[in-house]
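> Sequence:
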Amino acid sequence: MAEASIKSEKPKHIVFKGEEDLSKSLAKYTADLSEKFVSERGAFTVVLSGGSLIESLRKLLEAPYVDTVEWAKWHVFWVDERVVKKDHPDSNYKLAFDGFLSKVVELSKDNGFPKFDLMLLGMGPDGHVASLFPGHPLVKENQRWVTFIKDSPKPPPQRITFTFPVINSSSYIAQVVCGSNEAAAVHSALGTEKTSDPLPAAMVSLKDGELTWFLDEAAASLLQD
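In terms of the numbering used here, the sequence shown has 78 at position 78, counting the first letter as 1, and numbering is strictly consecutive.
Please note: incorrect hints may appear among the correct ones.
[What the hints assert, rightly or not] Straight-line distance between alpha carbons at most 25 Å, and here's what the computed PhoX-like set of lysine-lysine pairs gives: (1) K17 <-> K73; (2) K59 <-> K103; (3) K12 <-> K28; (4) K140 <-> K154; (5) K103 <-> K140; (6) K36 <-> K103.
I should point out that these hints are in silico values taken from the structure, not numbers from a laboratory.
None of these values were measured; they are calculated from a predicted model.
Using the sequences and the accompanying hints, generate a full structural model.
Set out below in structure tokens:
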């Protein structure tokens, strides 16, 4: 199993004037990858996180994508989940279902654990991704695909999450970040300075895939081109 690692080259990032433009581009990016993998393999495996990411996917629910995307061939997974009931306000499942999944065709209930085609990740102001937080021992977990956290610094404290070996095995990752509160973490993750204790967002690194950061101008405000 691959260990969490950091590439030396700088990840690709795209800066948009605002969240509306970002959402439009993210919809096309996702729909294009859906078409690619459905054509090649007959299915599209997608991993979602919670937070503001779901709102940024809203353009997929509009024309032309709502009618042209082959929703029945999507297999949807969660990169992390809070240990609460599915109808709890803190549930990532509820957030995704209410804001996105309930508005498209019901997905297959088949189980499996393939190499994921696309992970759509958000990032917190502290630089955490999934439920992998800065300074927490679980960021170094490299033996298990899924792990359990009891002491999350962000409530609720109990969560389950994919680890970096499975996150970094994806074919494509879109790291979606909006807002000035995340600007410092974006700068740290995408900056040229290396550290022995990188933010979790900086540990998202694909050895055999493509990572793209989708940023609005506020999130990218501290970056220097």
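> Could you run down the list of hints and mark each one as holding or not?
A quick look at each hint next to the structure:
Restraint check for K17 and K73: the C-alpha separation of about 33 Å exceeds 25 Å, so the hint is violated. Straight-line distance between C-alpha atoms of K59 and K103 comes to about 12 Å, which keeps the hinted pair within the 25 Å bound. Of the pairs offered as hints, the one joining K12 and K28 holds, with about 17 Å between alpha carbons and a cut-off of 25 Å not exceeded. Taking the CA atoms of K140 and K154, the gap is near 19 Å; set against the 25 Å cutoff, the hint holds.
For a cut-off of 25 Å, the pair hint linking K103 to K140 is broken: about 37 Å separates their Cα positions. At most 25 Å may separate the alpha-carbon atoms for a hinted pair to count; K36 and K103 meet this at roughly 22 Å.
Violated hints, in rising order: 1 and 5; the structure is consistent with all others.
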